[in-house]
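A.B. asks: Listed in order, the protein sequences are those of chains A and B. The working numbering runs 318 ahead of the 1-based position in the first sequence. The working numbering runs 77 ahead of the 1-based position in the second sequence.
Because the hints were derived from the structure by calculation, they are not lab data. Don't take every hint at face value.
To be verified - Think about it this way: if two alpha-carbon atoms lie no more than 16 Å apart in a straight line, the pair counts; the simulated EDC-like pairs of lysine to aspartate or glutamate are:
1) Lys247/B x Glu522/A
2) Lys497/A x Glu279/B
3) Lys247/B x Asp303/B
4) Lys497/A x Asp539/A
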Amino acid sequence: MAEFRGKVALVTGVGRVGQIGHAVARALGRAGAQLVLVDRVAEVAERAKEFAATGVAARGCTGDLTKPDDARAAVALALKEFGGLDVVVNVAGGLLHMGPAAAIPVEMLDREFAINVKTTVLMCQAAIPALAVRGGGAIVNFASIAVLQPQAQMASYVAAKAAIAGFTRALALEVAPQKIRVNAVAPAAARTADNIKQMGDLPELVPLDDLVAAVLYLASDDARAVTGEILPVTGRSI
Amino acid sequence: MQLAGKAALVTGAGRRVGRALALGLADAGCDVAVHYHGSATGAQETARDIRQLGRKAELVAADLRDARAARGLADQAARALGRLDVLINAAAVMVRQPVLDVTPESWDATLDLNLRGYFFVAQGAVAHLRSARGKIVNIADVGGLEPWPTYVPHSISKAGVVMLTKGLAKALAPEITVNAVAPGPVLLPDDWDETTRRRFAETTPLGLGSPDAVVHAVRYLLEGGDYVTGTVLVVDGGRMLR
Chain A
319 MAEFRGKVAL VTGVGRVGQI GHAVARALGR AGAQLVLVDR VAEVAERAKE FAATGVAARG
379 CTGDLTKPDD ARAAVALALK EFGGLDVVVN VAGGLLHMGP AAAIPVEMLD REFAINVKTT
439 VLMCQAAIPA LAVRGGGAIV NFASIAVLQP QAQMASYVAA KAAIAGFTRA LALEVAPQKI
499 RVNAVAPAAA RTADNIKQMG DLPELVPLDD LVAAVLYLAS DDARAVTGEI LPVTGRSI
Chain B
78 MQLAGKAALV TGAGRRVGRA LALGLADAGC DVAVHYHGSA TGAQETARDI RQLGRKAELV
138 AADLRDARAA RGLADQAARA LGRLDVLINA AAVMVRQPVL DVTPESWDAT LDLNLRGYFF
198 VAQGAVAHLR SARGKIVNIA DVGGLEPWPT YVPHSISKAG VVMLTKGLAK ALAPEITVNA
258 VAPGPVLLPD DWDETTRRRF AETTPLGLGS PDAVVHAVRY LLEGGDYVTG TVLVVDGGRM
318 LR
């Protein structure tokens with residue numbers, strides 16, 4: 319299937335094993351990509367070392383992607399270490415607020431948008447010039463199935479993920495002339511270590527392998543005619 | 078799903094995207110039942126090329142506008158190949174029909190093949206696919222997601238394929254996954270002139286595609302999409318973004 323030999327991929331949210339970012343990075347590495355791993359936690363350096371020990375070229379980059387300089391530094395690391403950038407997967411983000419929409423504290427709203435929308439937008443902004451120099455590339459963002467099937471008691475998260483979906487489609491249109499494709503996956507809750515801990519080992523949790531397969535398809539040249547797509551990965555029809 | 082050693086039925090495999098899909102699945106290791114109706118020569122060429130890839134190819138003929146023939150097609154394919162794991166519904170027509178030119182006959186010719194045919198081929202395949210925990214991929218069209226004023230019956234048929242996909246996905250879970258690919262301009266109609274082709278290329282953000290793009294999308298849904306059902310994957314070079 320998807321082939322990434324000779325490509326450089328930057329993945330955000332790779333700090334912790336058992337989470338989506340780590341699974342995506344591991345699969346890209348196995349498919350031949352050289353990796354820049356980004357996270358706000360310093361453990362990302364450990365992840366890079368672990369990948370290197372398995373023969374995958376990987377560099378860790380600690381940064382706060384709600385800051386433009388940190389996003390630019392991650393791209394600069396890819397250019398310095400691997401000479402370019404072909405693929406960006408924006409996994410970093412998460413669900414913060416659960417509760418009635420009418421009572422979302424404003425600080426929580428700001429934070430939810432910052433960790434989901436701002437990180438994605440800033441990473442894309444930083445990466446686009448580098449992708450364009452290579453003659454094109456692929457960005458895969460993380461929306462959520464909640465964008466297509468809204469859920470109650472998590473409105474700020476749904477709104478933030480909807481913003482990512484909207485940004486994905488708008489950006490796809492804007493950068494198509496540079497042969498940069500921009501898509502998003504829209505998963506249901508995934509079988510991550512955190513989700514299993516919080517929700518229990520529910521059968522409907524999306525296996526990480528299936529989520530990874532969707533990301534790798536969209537990131538690969540196999541999807542060269544696919545842009546602006548919000549691809550559900552849910553285990554059920556929608 | 079690992080495709081090596083599996084058996085696939087591809088309808089409309091004598092030409093265009095159906096042919097590319099049959100060859101793409103053979104390349105992935107599938108034996109293929111090559112369905113055709115009008116394109117016997119093309120189907121024979123498809124079968125020959127599949128055999129050259131080292132896979133088994135069996136020709137299965139049927140007029141899928143005939144619902145009984147459509148319902149019996151999977152049995153034919155399974156008998157010929159010894160099993161059936163994958164169904165690709167691709168046999169369709171795309172006929173330009175300005176609204177005032179549509180006749181009951183031209184309407185039926187499009188809807189009977191493009192929509193009713195898909196349903197009854199799928200219905201006939203259910204028993205085989207259930208036991209194999211198989212997969213169905215329907216080839217829809219972006220014309221089923223946006224209105225094309227001179228192709229209204231075609232657009233309706235493909236919009237029907239989108240709902241067929243979602244309905245079957247729910248009805249046949251968890252044993253069978255059902256998804257669709259909605260191609261954009263990956264292979265323009267043979268009779269389009271150069272000016273129209275150029276206009277399409279210029280108005281598609283990523284330019285014109287190729288049938289390979291559809292093959293890759295179908296392979297993703299078969300090989301990587303075990304947890305994906307009821308989804309319509311748009312492969313249109315960004316055309317729907319305009």
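A.B. asks: Next, verify each hint and record whether it holds.
C.D. replies: Evaluated hints:
Our distance criterion of 16 Å between C-alpha atoms is met by Lys247/B and Glu522/A, whose separation comes to about 15 Å. Taking the CA atoms of Lys497/A and Glu279/B, the gap is about 14 Å. The hint holds against a cut of 16 Å. The suggested pairing of Lys247/B with Asp303/B holds, with an alpha-carbon distance near 15 Å, which does not exceed 16 Å. Of the pairs offered as hints, the one joining Lys497/A and Asp539/A holds, with about 11 Å between alpha carbons and a cut-off of 16 Å not exceeded.
Going down the numbered hints, you'll see the structure goes against none, and every one checks out.
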